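Peer 1: Next come the chains, spelled out residue by residue.
There are 2 protein chains.
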Amino acid sequence: MTNGANALIETLVRGGVDTCFTNPGTSEMHFVAALDNTDMRGILTLFEGVATGAADGFARMTDRPAATLLHLGCGLGNGLANLHNARKARVPMVNIVGDHATWHAQYDAPLQSDIETVARNISTWIRTPQQTADLAGVAAEAVQVAMGPPAQIATLILPADVSWSEGAEAVDPLPPIDASVAPDEVIDQAAAALKGSGRKALLLGRRVLTEAGLTAAAKVAKQTGAKLFCEVFPTRLERGAGLPPVERIAYLAEMASVQLNGIEHLVLVDAREPVSFFAYPDKKSYLVPEGCAVHRLVEPEHNALGTLDALVDAVGAGQTRIQVQKAERPGLPSGRLNAGKVCQAVGALLPENAIISDEAQTSGVKLPLYTAGAPRHDVLTLTGGAIGQGLPVAVGAAVACPERPVVALTGDGSGMYTIQSLWTMAREDLDVTVIIMNNRSYAILNIELERTGAEAAGPKAKAQLDLAEPPLDFVALARGMGVPAERVHTSRQLVKALKRAFAEPGPNLIEAMVPSEYRGLKLKALPYALNALEKMPPSVARAVKKKIAP
Amino acid sequence: MTNGANALIETLVRGGVDTCFTNPGTSEMHFVAALDNTDMRGILTLFEGVATGAADGFARMTDRPAATLLHLGCGLGNGLANLHNARKARVPMVNIVGDHATWHAQYDAPLQSDIETVARNISTWIRTPQQTADLAGVAAEAVQVAMGPPAQIATLILPADVSWSEGAEAVDPLPPIDASVAPDEVIDQAAAALKGSGRKALLLGRRVLTEAGLTAAAKVAKQTGAKLFCEVFPTRLERGAGLPPVERIAYLAEMASVQLNGIEHLVLVDAREPVSFFAYPDKKSYLVPEGCAVHRLVEPEHNALGTLDALVDAVGAGQTRIQVQKAERPGLPSGRLNAGKVCQAVGALLPENAIISDEAQTSGVKLPLYTAGAPRHDVLTLTGGAIGQGLPVAVGAAVACPERPVVALTGDGSGMYTIQSLWTMAREDLDVTVIIMNNRSYAILNIELERTGAEAAGPKAKAQLDLAEPPLDFVALARGMGVPAERVHTSRQLVKALKRAFAEPGPNLIEAMVPSEYRGLKLKALPYALNALEKMPPSVARAVKKKIAP
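Chains A and B supply the protein sequences, listed in that same order. Following the numbering used here, the numbering of the first sequence begins with 130 at its first residue and continues without gaps. Following the numbering used here, the numbering of the second sequence begins with 130 at its first residue and continues without gaps.
Because the hints were derived from the structure by calculation, they are not lab data. Treat the hints loosely; a few may be bogus.
Which copy is meant is left open, because identical chains are indistinguishable; a pair holds if it fits in one copy or across any two.
[Unchecked claim] With a Cα cut of at most 25 Å, we get these calculated SDA-like pairs of lysine to any residue:
#	residue 1	residue 2
1	K589	V142
2	K628	R170
3	K412	W232
4	K412	N390
5	K628	T339
6	K455	P497
7	K591	G635
8	K412	Q260
9	K455	T131
10	K591	L381
11	K455	Q241
12	K589	D558
13	K413	D237
14	K324	E419
15	K412	W254
16	K589	P634
17	K455	M130
18	K589	V423
19	K625	D243
20	K589	R569
21	K589	D602
22	K628	P429
23	K591	H424
Please read these numbers as outputs of a predicted model, since none were measured by experiment.
Isolated chain A (complex conformation) (with noise of 0.2 Å):
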């Protein structure tokens, strides 16, 4: 028998938990005091927000939960938007949020606060347990839901008197729960659409964006002439040379509207319905064409990748030569930087096996196009939508995979939202190269500004999206944090600065500084300004050309 912390953690580390992302207070002492009888490994962060999205960029990694060590509402407050993010990216995760005393909450001291109310909106399993004795099961029971599947994050809330008290046991892991390929008549749907006549196409998403599941899917393509897309946000997608590339889906609806345009059978492999990002007076929200036939073929409880096999075998595909990604890097750059050249940088130089955490927004749209034939990586996008997911994604990347080495690119507006993810990178001489692209505004919400239809922007709304006034100096903000940083005006500067972290370990930031191009820009013009139909194929990029421009 052992007090209730003792009994957590090491549940949790029989049950494949051992790395718990942390931000403790006073409730979650005992907690913190144990760490030093198990193997549990804690990683401090000085904010709630780069500990979820570590867990968050961790198990996109690993496929398994990390842990997150939170201080009662207010700390999983502070956590919300990188775990709604998680959530979107459906994987695992176990919050353990500290609380008062069971007899504590009747008094309403300060941080008193309905610990569950904030939950429910990241987590369906959520459990207080009051009793010492059930501690150990309950934490079983979590690591068990997280992984799923469906994968999902479970909120264990943690009363003191609970964690404090003797008479806990560890126990061993509960049985993972079964996950059965699609029903035979949902893949034989699937199959009959795919072989017929018709436009069609496949959706790929959140499980099968890995080799086996590329490989897979474009099998299929191949042998029934469907197109093949994937998410807007993946999850995590393994490209580069040797894979079977995959065409995303725009963010932009006008764009994926032409993408999906004719398209008479959908199928949906762990993917959803493609929606706008989102509405726009007079604009349509739902993507799939009217008229098309969705098949949704891989539900997240599924097998995914065995249902995909199923897939292949059931049109005939098992023997079916795919072509794969040609390795091609782009020149190095020249000249004044822009955003552009600087993802033409990161594809030339790109080192073998790296993890690319992309939130760069505008300044990232040519990273697809300059990476698509770098050497095979992964790149770990933003799910949910909320800013502020990269440099904590590529904090937990880092953890998780200390052998490879990670990228994270974001704009100087999502940069800052979780600014205090290069403490933790420091402090774990974590492998991360990060790019700021410091365009000094928040470009795309300027884009955003006129797709929305509020054209006539006076000085106050435009100041508002300003971020100039007073510039932010990302090198300063590194070496506050003890991260090694400088700022680059030129190509040159740039790939040198990136040869070097590239070639040395621990973190390195880079500021890299890019005019905001799309200032002011009419929406018509938008697509030209984005120069996002560089990344699709010529006979998409004609069509939207001919449906947007003037």
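Following the hints, position chain B against chain A.
Peer 2: Coordinates of chain B only, in the frame set by chain A:
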């Protein structure tokens, strides 16, 4: 007729809500565009916790709500910790939380979340108007209920289409909610208890810690022989030379118990029963002495000052002469710096009519002592216990009172949660002197680790409280956000830096390097280690020593 956004803002402005702390996204673009058509001031922050904390600080100083502009559930989530502090501070505030267009919610787009559930923890008044024509009326009601009494946070969730559609018209403010004086029998009962024999005390809170409230309470205390206490963490406390002094209840329950020892009648004046901040093994949570009668004189819905005045009459204290705090300042400190000397220097140099935002935790223990006789000032404290509140509250106070100097004291740990505050201070050229007490640790947790009885802390546990590796450099962080800064190691350097900062307009940051004196101390030595006894009357200090010391 105009669009929803225009009518909403115009209605807020007519209701006296003329300042909005923002961090907008796409769904708020019409609100942003409408700013230029109105007298609303929009103040951009880089993180939502800054916006909500600033609205809190603004309300504390003006007794009227500021608005916040937040981006869907995730933006609200990022603002939640400081909304919690604001709720516990019982200040008025109007949150405007943008949402997807009404028809878009069904598609579960990436940023879709259940905003009302997130809001439930901090607002009892939550409305999501579905029609543009209703919006102005709902906004007027939001202002009315926010003003109270009781003052509260009203949350208006604004679907994008309700905001951008035409068909709205601004409306005039609703009449203020009546605040009645407490019933006669309540006043008479409290008066009888105070006039009777036995030991008695008044505990002052929320709205009576102003000159008028303190003066009335001091008269009652003088007339009846009652002691005068105020809440541990006041929302706003007026104090300094010329004002009646009041003893704050101590943070440590052990000390608070001694302060309240023997009290037989406790009259609560817009305050709650004192409880321990956290629960501890084998320690009391409820700090009212056994057998003490509690008299709730002023509830949040009452006219607080009116009721207190009625109590003055009821105890016959109308002509009672009271003592006020003498003007007296400590001398300037000398030699190597420590936390106490920083407090001493602030006491010695505090400008006239200053506002102090105090989140210095362990390092600020001596601040009340050294500023007791300083020129009259306001103190704003950590009402809800969620750290990361001090710098944002300073932003809001400085916006509210541009003619008054603001001093924000914060720890290194607490300062990092919402460090983005510095950028808004620079952007708005706010006259804030930020003092970072950098002891390179979560010092308070070293104490709490011992107090919770988790004494056998190993290296992994200790690492969770240690901020020394890598060392934070707040001078670099401040410069990165456009705030002039310097680091000081000695008293002489500090005094020079403080004099300059107080003399200059605009923000300044001083990073005071102070030892973490409390590390590894035993629980029983704590009151001495904290030097907390110094701020107590000698009789109380003696009793504490007797009770707690070996």
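Peer 1: Hint by hint, work out which the structure violates, then give me just those numbers in ascending order.
Peer 2: Hints 2, 5, 9, 11, 15, 17, 18, 19, 22 and 23 contradicted; others consistent.
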